[in-house]
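Asks: Starting from the known structure of chain B, fit chains Z and G onto it as the hints suggest.
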Amino acid sequence: MSERKSWPLYEVFVRGKRGLNHVHVGSLHAADDEMALHNARDLYTRRNEGVSIWVVKAEAITASSPSEKDPFFAPSGDKVYRHPTFYAIPEEVPHL
Amino acid sequence: MTATHHDVREPDLEAVFQATIDADQRIEPRDWMPDDYRRTLIRQIAQHAHSEIIGMQPEGNWITRAPSLRRKAILLAKVQDEAGHGMYLYAAAETLGVDREELTEKLISATQKYSSIFNYPTPSYADVGVIGWLVDGAAICNQVPLCRCSYGPYARAMVRICKEESFHQRQGYELLLAMVNGTPEQQAMVQESVDRWWWPSLMMFGPADGDSPNTQQSMAWNIKRHTNDELRQRFVDMSVPQAEALGVTLPDPDLRWNPERQAHDFGEPDWSEFTAVIAGSGPANTQRLAHRRRAHENGAWVREAAQAYAEKHS
Amino acid sequence: MSDPTNAYQSLSETTAQDDPRWAFGTGFTDDVAAEISAPVPAGVDPADLAAYCLMLGDDALIYQHRLSEWVANAPELEEEVALANIALDLLGQARVLLSRAGHLTGVGIKGGSAGSTAAEDRLAYFRVESEFRNVALVEQPDDLDFGRCIAHLLLFSTWRLALLHRLVSSADPVIAAVAAKGVKEVAYHRDYAVRWTLRLGDGTAESHRRMQAGLDGAWAFLEELFRTSDEERRLVGAGVAVDPAETRAEVEEVLDQVLTRATLLRPTTRPMGTVGGRGGRQGLHTEKLGPVVDELQSLARRFEGATW
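Heads up: the protein sequence lines correspond to chains B, Z and G, in order. No gaps in the numbering here: position 3 of the first sequence is 3 in UniProt numbering, and each next residue is one more. No gaps in the numbering here: position 308 of the second sequence is 308 in UniProt numbering, and each next residue is one more. No gaps in the numbering here: position 105 of the third sequence is 105 in UniProt numbering, and each next residue is one more.
Same shape as in the complex, but just chain B (with noise of 0.2 Å):
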């Protein structure tokens, strides 16, 4: 059997050209930084030069909420992208 764990979840941020905003492109995985810097620049960019990455790891991200009345999220409110999971997946007949 394979251990539990997996690489921690970076968030990727890229500015296409100067001038404008860094903006979220996604997340990947990766076991350090400099693996994040350079797995993003593979799946998002493709390489292409003169495009600034910036990757940080989900767990580093605080955000607020939407909205107030938030219940559901307010025992791990900073944890935005991971909190445990409570319920199993059921199998069904799946239809892409």
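Heads up, a few of these hints could be off.
No farther apart than 25 Å at their CA atoms in a straight line, the calculated lysine-lysine pairs in the DSS-like style are these [to be verified]:
no., chain 1, residue 1, chain 2, residue 2
1, B, Lys17, B, Lys57
2, G, Lys184, B, Lys17
3, B, Lys17, G, Lys181
4, B, Lys57, Z, Lys312
5, Z, Lys163, B, Lys17
Reference listing, derived: stretches of chain G covered by chain Z, where coverage requires no fewer than 3 residues with Cβ under 8 Å from a Cβ of chain Z [said to hold, decoys possible]:
no., region
6, 89-102
7, 293-302
Here are some chain B residues the structure puts well away from chain Z; computed CB gaps all over 10 Å [claimed, not checked]:
no., residue
8, Arg18
9, Gly19
10, His22
11, Ile53
Hints are computed from structural coordinates only; laboratory data are not their basis. Note that beta-carbon positions come from the ideal geometry of N, C-alpha and C, so glycine has one too.
Replies: Just chains Z and G now, with coordinates in the frame of chain B:
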């Protein structure tokens, strides 16, 4: 278990959620959402992600043997894109509170499914073209409406994916065009491949609407925008003129234009085959899962090493 | 206005030329295609130049074949994408170099954008094993052991980067163009290999053992990388080629630094010998090349004359 997370204000939250959906707005990760909505999305996005990853195998089978260097480059880039698509989709699923490792475990233990189309083998190089044309074409029919899906991260992943899929379909069709303009042997390869892939491609849209219990709810949530049968019809109507342009015959004696409906009538796929493939007895189920499991397990020491290194040097 | 959530719109906006995700394009860019038929530099024997293009091209072609074996087998999805990127870069280099070789020797039709009659395909698919001029390192299998994969990539990319750096100023415009683009590509490959060498070497006991074993095996093929062939010797004088012996100091220095940082030992493996002075550059290969060539060529040969 699930209900305990919510307090007395849940009716308000549900009303806000439904109002957001009704206004055709996007639900974002931190918004409150019904458990069933979350569960349905996780299942669908995970299956979609798994399909991209398993889908690398049937075409990956031909990379080292591609018959020209240009075709090799195209195929390699295409299969690489599929890995990328899988990553986008796993990332979208993770915003719902699941972990990629956990989803991978569910894939390789066969507790989650992937599209049944990838349980068919690719014995001929024409299959590379036909997968691009028919399988990617069917995927596009299914996926373009998902770009407007109510869940933001899924919708955004689909925008990116659909852009790339359209190239995939084009390259597949272009390969087939080259082959039907080639030798008689190449032409026969194309027809033989179309004969094998046509019905499984129709099955990609899932069971007929009457037999698809989840469709209603998924449409109410704006996860799905069209029924299985609507999408299947659209695919058939799209494919017929493309088949004519290629000069291949679609293997359905009941396929004909119906001027009253302004659409094609077509035959019924063999649903017993569909059920069998879903249940695990398709021609390549065992092979595909064993391959994925082997790759994942062979990589365990590498993933552990990277983690150990990161911990030492952080 | 552009709406990023509208896929219908973005589909119609995008073309193969300007989409950065579509890495390979549809063929060569026009400027490279024009250079394929550039005149042979003064004082150079076209046969020597063609042979040299084959050496550099076959290294890339055969090595990308080995890397392609990793498709759907990588330890993580991120590595799928990275390894495929490296393979695609090398395939791109191989295509230009083989086209140049084909042009110089009158093989195949002009151009090279499509069809098995293109020069690049005549050379890739219809030469026999002994006509390939690649070094032995690139034909070695790694049996999907990531430690061996990274060891091969570390040696190959460190050496090739040192070569390409020097070839940027080659008197042959095609080689110079491949080098100018390739320097950026292979710098990235080397960086990838170095980082993984560090992670595996200084990761767990298991990964350390496997990385060391990978290097020990690969080291036998290092010496050949610095051996100068007759063609290279003649082309160095004309400013076309670089003497591979010149890259030894740089390559060994990089490797020593990386190995030290990765807590790995410099292998003491004995170098693989030649057969009467002949090795990969002279078309004499290890037993590992044959199956690669067979697989690579199987479909194209079955349909010789077909267009794909």
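Asks: So which of those numbered hints doesn't the model satisfy?
Replies: none
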